[in-house]
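Novice: Chains as they are written, first to last, in our numbering: chain A, 1 to 203; chain B, 204 to 377.
Keep in mind that a hint or two might mislead.
[To be verified] Sample of chain A residues at the chain B side, in silico, Cβ under 10 Å:
no., residue
1, 128
2, 155
3, 162
None of these hints come from the bench; they were simulated from the model.
Every residue gets a Cβ at the ideal spot worked out from N, C-alpha and C, and that includes glycine.
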Amino acid sequence: MTLTDRGALPLCRRTLLRLAAMSALTSLAAMPAAADPAADGGWGATLMTTAGTPLGGEMLKGKPYALYFGYLSCPDVCPTTLADLTLVLAQLDGSSLRDAARDFRVYFVSLDPERDSPAQLKTYLEDNFDHRIIGLTGSAAAIATVARTFRAVYKRTGSGPSYAITHTASTFLVDRNGRLVSKMPHGGGLERKFEQLTALMAD
Amino acid sequence: MTLRNIAFSALAAAVLATPAMSPTPAVADDITKGDIVITDPWARATPKGAAVAGGFMQITNKGSTPDALIGGTMPLAGRFEVHEMKMDGDVMKMRPVLGGLAIPPGGSVVLKPGSYHVMFMELKEPLVEGTTLTGTLTFEKAGTVEVKYPVRALAATGSTPSGHPTGAPEHKGH
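So that you can see chain A by itself, here it is in the shape it has in the complex (with noise of 0.2 Å):
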């Protein structure tokens, strides 16, 4: 049968279920490959710390840990992000919590290799936010597995040098055993993000 005009002729109950295969195969083909952290805590690929040494989640199990991905020239949610995580690390040190608090670590991971150099990376964070945030650097390829193992997404918006990056805005928690326990969604304020943190450090 042929489909010259697919709006008006209806479809044969073969070409349905040959379309519907076709669509499921598709749509199994663009599914990640894996997703949440490995059995051994792994990410799937391995980054780089601003310090220049590789770092992989596989590497972080036995401590609990949160990550975040953005890039040094967003405007908003990076920023403010990195100021309440700053903030409420903060608090934590004056808590019952701070030993454990002085232990956590929180890795920024650009998603702008292009732009985001280490040194830049490094900067920035040291500057201006708390020191127990890491930033993290790779290839284009390593930072999008590592995205696919969080199902964090990102897409670059707008052209020219000024190009924006459309991001996940939520910042992941991974417990001790190297499991995505939860996410912190952007904004909503200290408290609750304080007790987000209480809870993955007391675990």
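Based on these hints, arrange chain B on the given structure of chain A.
Specialist: Just chain B, lined up with the frame of chain A:
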């Protein structure tokens, strides 16, 4: 001129010549240009090394014809754009507002964090809390107007209806 006139003139001159004694306020005055009124313009401090900064305000169109914000300038920025931000699930989507930000007749548009804002891009230096920046805004009908933006804290979210900002430094006494 009579002595009285000279005295009055001298007094008037003295009063007019007295410089403003108040420090840089954290809340700027309303700005009017034609039918457009700009209320509570402010900018947010940036981390050192930031490439972009945000400006916020309320724009009211007191006229009976539509107007639109079509551009602006800021000396310490190489580029100016108007953007809209919107949360879609846990993704913050941002897009430039093309063709100008419409300000409907008799209506207001609020530019605030997480929503519409003006973007100062290609920053030459960071925005420092407590300072005031002077830039311009251009409207399709009302034309170009100078705007002063007091710079508030990096994590400031905006001001209360009374005009007192949250997270901003107190007025310094003297």
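Novice: Now tell me if each hint is right for this structure.
Specialist: Here is what the structure says about each hint:
| no. | hint | verdict |
| --- | --- | --- |
| 1 | 128 | holds, 4 Å |
| 2 | 155 | holds, 9 Å |
| 3 | 162 | holds, 5 Å |
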